[in-house]
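J.: If you read the protein sequences in the order shown, they are chains A and B. What the first sequence shows, in this note's numbering, is residues 1 to 139, in sequence order. What the second sequence shows, in this note's numbering, is residues 1 to 163, in sequence order.
Please note that a few of the clues may not be correct.
[As the list claims (entries may be wrong)] Below, a list of computed lysine-lysine pairs in the BS3-like style, where the Cα atoms sit at most 27 angstroms apart:
# : chain 1 : residue 1 : chain 2 : residue 2
1 : B       : 157       : A       : 45
2 : B       : 157       : B       : 67
3 : A       : 127       : A       : 45
4 : A       : 45        : B       : 67
5 : B       : 42        : A       : 45
6 : B       : 157       : A       : 127
[Claimed, not checked] What the simulated footprint calls covered on chain A by chain B, stretch by stretch (three residues with Cβ under 8 angstroms from a Cβ of chain B suffice, anywhere in the stretch; the number is not a length):
# : segment
7 : 104 to 117
8 : 125 to 136
Worth flagging that the hints you see were computed from the coordinates, not collected in a lab. Glycine included, every Cβ here is placed at the ideal spot set by N, Cα and C.
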Amino acid sequence: MLRKRQQSGFTLLEATMAMVLLAIAAAGILLPFANAASVQAEGAKQTMAATLASELMEKILTTTYADIITTYNGYSESETSLLDAAGVAHSGSAYSGFSRTVTCQSAMVGSVNLVVVTVTVYYDGSKVTSVTTLIGDHQ
Amino acid sequence: MKKRRRQCAAGFTLVELMIALLVSSVILSAVATLAYATGSAKEATDEMGREQSVLRHVNVRLTDLIKRADGVVSASDSGFELWHDMNSNGVVDEGESTQVTRDSEGDMIIINGTETYTQCENITYQYDDVAPNTRFIAIWFDLDENGQTQRHTINAKLRGSGN
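So here's chain B without its partners, still in its complex pose (with noise of 0.2 angstroms):
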């Protein structure tokens, strides 16, 4: 009976065993918790990037084509028509103009009819005249922030000589 005793204490008890199990539960708990943390921080860190890259391509594509542009050919709450004078004959011909609007639910700002920034919505486009003689044009916009929306504007005064 006293050898038999002996060989059992050579393995673990199962009070050792229960304690080692306990510990590792532990440890691996934090570690799950750590892995969830860290992954739900790079699809936060992912997502304000892409919300990033599209504020700054929109507002440098917009402000740029505004402040080009020689005249709006028109101008309305759905979009407006700008007008490049590529040729300097102060007429508006083929292909000189650039139309930047919206699709019917007021979301997705469309520029030339095929280059769309999806993410953009609730778009509103303000003017300090009518055409033809408008020469600012402010644009409203909502982006998505990590489930918050976010109201972003650009504006832009025409450089161009025509009118």
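Same shape as in the complex, but just chain A (with noise of 0.2 angstroms):
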């Protein structure tokens, strides 16, 4: 009689089967909610990534001619010494992570002289984005 009873509730397979069910819809509805925010966030990344390589760029146009290959080739900024436009470093959460490299290589196109310049960003050591202009003596 009493085992009869016991048998009328449900067994721990049921159960089981019952919470991993649960568990696997309650995941199909929140990753995606997850993945969103680390899409935004990537965006974010590439955007700042974008900004510090034109940010330099244009830095390095603003050079004389002459010098930006003494200056600027074999150029780098680590981590936390990403300067601005004033020469005074970055500051805040959005710039943590970042670092910047820059090469320059003189090249002739005919007879006129050029300079190629790449500037190239990087988060936590790895390559973000890289931007490559060339420069003419014409200021």
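Fit chain to chain and form the complex, with the hints in mind.
T.: Written as structure tokens, this is what we have:
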């Protein structure tokens, strides 16, 4: 008699299956939300990298042509010393993790002297973006 | 007496009801917590998206204006005036200048008096030289990022030939 009464409830297997189903459903609903946030953060990171690359490139463009290679070839800024246009280090969480390097090479096109400048931006040591420009002596 | 008790057993006992209530309240509170967390996450993502779009828009708009400019008509702490020589006559004609300023509190970037970016605050302008010899312009401004103030900067060199 007692045994029969116990059998009228759920078995452990049934309860476990219900829990597993519920967990799968919850994960299905919540995963896209978590994904959206990380996509948004990735976009912000890419925007920041592009801004940092063009910022440094504009600074190089204002340098006197003869000084570009000596000043900027092999130039690099570590994760804590990204300098803005006034030479002050960028502060704030949006800039943390970013670093920049510059390489310059002289190139001859016909009889015209040019400098190929490449600015590369890294996040946590891995490359995010790079910008290359040809600079001529026309200032 | 014995018959009545058996009838009672057909429904829920008080203990069963209490357990059911307890379990459902635990589940409901878990669902409510999740819903709240999702809601605030959505708000934070929206806010971040808005801030990012302002940053991108201001950046693209101002660097484009500066890069295409042929010269700087005037430059001061409160703003500058760019000259785009559209008819290539070397003179600043009517409609060829674009003013970039800020309001009296140093907030809000204003382009030509009508186009405003209200989210930008604490704006400072800096130049490599006084007008009309200015060839490089840097702009700093604060943007609110989920309650945190973040300083941003835009800089660009004038590409135009005029001076």
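J.: All hints, please: hold or fail.
T.: A quick look at each hint next to the structure:
no.	hint	verdict
1	B:157 <-> A:45	holds, 24 angstroms
2	B:157 <-> B:67	holds, 6 angstroms
3	A:127 <-> A:45	holds, 12 angstroms
4	A:45 <-> B:67	holds, 24 angstroms
5	B:42 <-> A:45	holds, 19 angstroms
6	B:157 <-> A:127	holds, 26 angstroms
7	104 to 117	violated (count 0)
8	125 to 136	violated (count 0)
Checked against the numbered hints above, the structure violates hints 7 and 8; every other hint is satisfied.
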